[in-house]
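Novice: What follows is each chain in one-letter form.
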Amino acid sequence: MKHLKRLSIALTVAALMAGCSTGVKLDDQAPVEDRSATTNAGANTGNTAQSGVAGVNLGQSDRDGGGPVGVSRTIYFDFDSYAIKSEYQSVLDAHARFIKAVPGRKVMLEGHTDDRGGREYNLALGQKRAEAVRRSLGLLGVSDGQMEAISYGKEKPAVQGSSEDARAQNRRVELSYR
Amino acid sequence: MEVTGVGLTQLPIALAPFRGEAQSPQRISAIVQADLERSGQFRSIDAAGAALDEVSRPDMAQWRQKSADSLVTGSITRLADGRYDIRFRLWDVVRAQDLGGQSFVVSQGDLRLVAHRIADFVYEKLTGERGVFSTRIGYVTKAGGRYSLWVADADGENAQAALSSPEPIISPAWAPNGTQLAYVSFESRKPVVYVHDVASGRRRLIANFRGSNSAPAWSPDGRQLAVTLTRDGSSQLYTIDANGGEPRRLMQSSGIDTEPVFSGDGRTIYFVSDRGGAPQIYKVAASGGNAERVTFSGSYNISPSVSPDGRWLAYISRVGGAFKLHVMDLGTGAVSAITDTTADENPSFAPNSRLIVYATQQQGREALMTTTLDGKIKARLAGQGGDIREPDWGPYQKQ
Chain A
1 MKHLKRLSIA LTVAALMAGC STGVKLDDQA PVEDRSATTN AGANTGNTAQ
51 SGVAGVNLGQ SDRDGGGPVG VSRTIYFDFD SYAIKSEYQS VLDAHARFIK
101 AVPGRKVMLE GHTDDRGGRE YNLALGQKRA EAVRRSLGLL GVSDGQMEAI
151 SYGKEKPAVQ GSSEDARAQN RRVELSYR
Chain B
1001 MEVTGVGLTQ LPIALAPFRG EAQSPQRISA IVQADLERSG QFRSIDAAGA
1051 ALDEVSRPDM AQWRQKSADS LVTGSITRLA DGRYDIRFRL WDVVRAQDLG
1101 GQSFVVSQGD LRLVAHRIAD FVYEKLTGER GVFSTRIGYV TKAGGRYSLW
1151 VADADGENAQ AALSSPEPII SPAWAPNGTQ LAYVSFESRK PVVYVHDVAS
1201 GRRRLIANFR GSNSAPAWSP DGRQLAVTLT RDGSSQLYTI DANGGEPRRL
1251 MQSSGIDTEP VFSGDGRTIY FVSDRGGAPQ IYKVAASGGN AERVTFSGSY
1301 NISPSVSPDG RWLAYISRVG GAFKLHVMDL GTGAVSAITD TTADENPSFA
1351 PNSRLIVYAT QQQGREALMT TTLDGKIKAR LAGQGGDIRE PDWGPYQKQ
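Residue numbers (the numbering used here), protein chains in the order written: chain A, 1 to 178; chain B, 1001 to 1399.
Calculated directly from the structure, the hints in this document are not laboratory data. For clarity, every value in this text was computed on a predicted model and none was experimentally measured. Where is the CB? At the ideal position from N, CA and C, for every residue including glycine. Treat each hint with caution, since some may be false.
[Unchecked claim] Now the stretches of chain B that chain A is said to cover, found in silico as 3 or more residues with beta-carbon under 8 Å:
(1) 1028-1038
(2) 1165-1175
[To be verified] Derived DSSO-like pairs: lysine-lysine, alpha-carbon spacing no greater than 30 Å straight-line:
(3) B:K1324 / A:K156
(4) B:K1324 / B:K1142
(5) B:K1283 / B:K1324
(6) A:K100 / A:K85
(7) B:K1066 / B:K1376
(8) A:K156 / B:K1398
[As the list claims (entries may be wrong)] Not close to chain B: a few residues of chain A, all C-beta gaps over 10 Å, as computed:
(9) Q60
(10) G67
(11) S86
Chain B on its own, in the form it takes in the complex:
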């Protein structure tokens, strides 16, 4: 993972190597450090060579001299049954205060998850907001004529294939409970919408009507999905019960309505429509009614994503011949373009509304990036070989 950019105010933090991590399968301190840097809110202070663990009493004067405000120490120990015991402590260096710690006992497969939990603890203690490092991201790759749907950690690592198909897969969308993905699969040689339980691999067809079925979006309570269907001619929005059943048409419009997405409070659906002649983003009450236009500049605005706190709208706008990620402050309507790439696609907000994951192209290859909302800190996520696209950031995981 590469992180680029410099944020304005970043908390200086030192991550001492965890005692025992040189012999362990994962370098816990390095994973925590990369998480914190990717958030844009932290700057790492070199702690190489420090011999500390969670029971050490660090020499605060020494860390103050290195201009660290905080320090994390810890250890990892392999137990007799093959599992690992991981412990850590967070120190406020300036006040010489113990800010608390935690311990975990997990199998090898969950060591990265533990590192992300530690990063979440540090992030929340020091910023006052919940961290998103232990969440998961879904995305799609295309390699050697096969399409795969992956579930990975929020840093792109630890990817596991949920589905592999000879036909395209697009538009994955996490259910609010974080255990299911809805997506569009072309496996029956037409687009249909499935809901897929990722732990068991069990799949249910949720929309397989005449014509094309696409663009699934969950309501925040997980009870219904908004989808685009063409059963009545052109692409129109419907809501459908998450357990299946008869779809309800949301509006009647001439032309295309698609890419629905619910606001965090579930009351509003943002979507794309060409009812004004060119694709623009509109919003409508989740119960239907009159739509209101949201984007006014540019002649091609698509792929809306609303931040869970309701303050921001991320979308793709065509500028000249380039497709660029934009962020709108929904309070003021102010818009900014936050990338210097030209083929951005499909933004999706982190559950704390502080980061966006999106697909783009770098040196002619597809890539997944995260960015802060001001565009200042960007990170390229680790990923599988081949083309990589269609990211969707999952919800907070149950602790």
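Pulled out of the complex, with its shape left as it was, chain A reads as follows:
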């Protein structure tokens, strides 16, 4: 097990180094691996170069870790609203304590919207929700370096469907520890 973990760290480092060799300056906050490991360059034989496409297949990304035990990791919002309801104050308090307890701990604040409207505009609206949570945690003493506000827009609904109930469950910010 220990051996496996070391191997996976080595692979990650190799992937990061491979990413740097492209000459693109990456932000130091959140490096992203280029997982273009499986390029099917030969898969389109029979096509000439002018219309050939080499497909890239990405694998599953890593999944979440914990968060404070017994505390919700989701904050819901009203329609067209970016204000955090008072009922979530205790949830945010608990997360703020949890994050501050370990300086290396990091939380992603992932904003989401319901299914109405354009994809890019919803991405911006989800960001607004994530920013609201970031500011609240900031007021509770969480340092900027330990959290990052991002958005999925309407791309990752918690519940499928266009009912009012589904939409209410999709307007949310998820706190994700990585």
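Based on these hints, arrange chain B on the given structure of chain A.
Specialist: This is chain B only, laid out in the frame that chain A set:
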């Protein structure tokens, strides 16, 4: 592909079956015919059973009787090395004139491309404008929990996967050279912008800053991209060198600025902003400065696309609870809604400014459609299974 609607003036054209196409992998004449019909500028005259090829001397009186103004004849022959030899000729039936022809020798994988080139030749000869049938469209599908970015012919056929991912992919945008796509990928569980060379599969991260990185749009010279970043708080517009580097902030606004798109001359950036309280489309000089509002009716106007000739703005407007494709004449400001669907998204102009591709829903399923700017001729594009969305029409291909 289904084409619906009747245009006002359509040129009647007969496409004779190409000699040898019954034994070939692609029915060339049928592909050319579907292309021409989808443009809205042609009406097909039945030519079934005609035994003609590019060297035949057609009986013009007979085709005039069928009310054809033009006639295309041709042949396809399999060569000893496995490639195909395709030849055609276009006739002006009314004047009994030979309008020229071409020949191609290609592998099987490029037979559809040849058919689209023939349609481009016919379109340009008869309308005086460049055809867009041999261009490519990028789009995204979601099926079985996987997201795929596809590169397909302009009729939606011949789709090839450029990227497949367990996480969402949105906002593909063709580079002006037609060889690269920029897009937003969530593969690292946050939105970042990649530039992807479709022939080789090589990818470069172009925007991976703190927060969300989205809405890439190429400048017409291909040297820079406009993107939406949240590194300084709310969603704001930046330009960034196509080779990477430090982004430059275009404006300072309170609230959301997103969905930038360059005008054809590269001087203006159209974008969406909620600075007035609700999302509207604005424009600003590509170098920055003061923004000017462009849309005034409705309380939700998003996803601008400017025609390459600079005359038209396509966008999505919420009307009641419906999201509908609208086209604005930028010269007069006149606006018309050109669909009867209610979940339209993401319009993108063909490089000749004559057609728009957009995503919508039909019978509860996502679909890609093309439409003429007056909304009269619509075609549903062929596509992969599953949900299909986020179309972007690529530039003219090098001949």
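Novice: So, for every hint listed, does it hold in this structure?
Specialist: These are the hints, each one checked on the structure:
1. Only when three residues or more bring their CB closer than 8 Å to a CB of chain A does the claim for the stretch 1028-1038 of chain B stand; here the count is 0, and the claim is violated.
2. A stretch counts as covered by a chain when three or more of its residues have a beta carbon under 8 Å from one of that chain; for the stretch 1165-1175 of chain B and chain A the count is 6, and the coverage holds.
3. Taking the CA atoms of K1324 of chain B and K156 of chain A, the gap is near 23 Å; set against the 30 Å cutoff, the hint holds.
4. The straight-line distance between the Cα atoms of K1324 of chain B and K1142 of chain B is roughly 22 Å, inside the 30 Å bound, and the hint therefore holds.
5. Between K1283 of chain B and K1324 of chain B the CA atoms are separated by roughly 21 Å; this keeps the pair inside 30 Å, and the hint holds.
6. Taking the CA atoms of K100 of chain A and K85 of chain A, the gap is about 23 Å. The hint holds against a cut of 30 Å.
7. Annotation: proposed proximity of K1066 of chain B to K1376 of chain B holds, straight-line Cα distance about 25 Å (limit 30 Å).
8. Annotation: proposed proximity of K156 of chain A to K1398 of chain B is violated, straight-line Cα distance about 38 Å (limit 30 Å).
9. For Q60 of chain A, the shortest C-beta to C-beta distance to chain B comes to about 5 Å, within the 10 Å cut-off, and the non-interface label is violated.
10. With a minimum CB-CB distance of about 15 Å to chain B, G67 of chain A clears the 10 Å threshold, and the non-interface call stands.
11. Against chain B, the non-interface label of S86 of chain A holds: every CB pair exceeds 10 Å, the least being about 24 Å.
In the structure shown, a violation is registered for the earlier hints numbered 1, 8 and 9, in ascending order.
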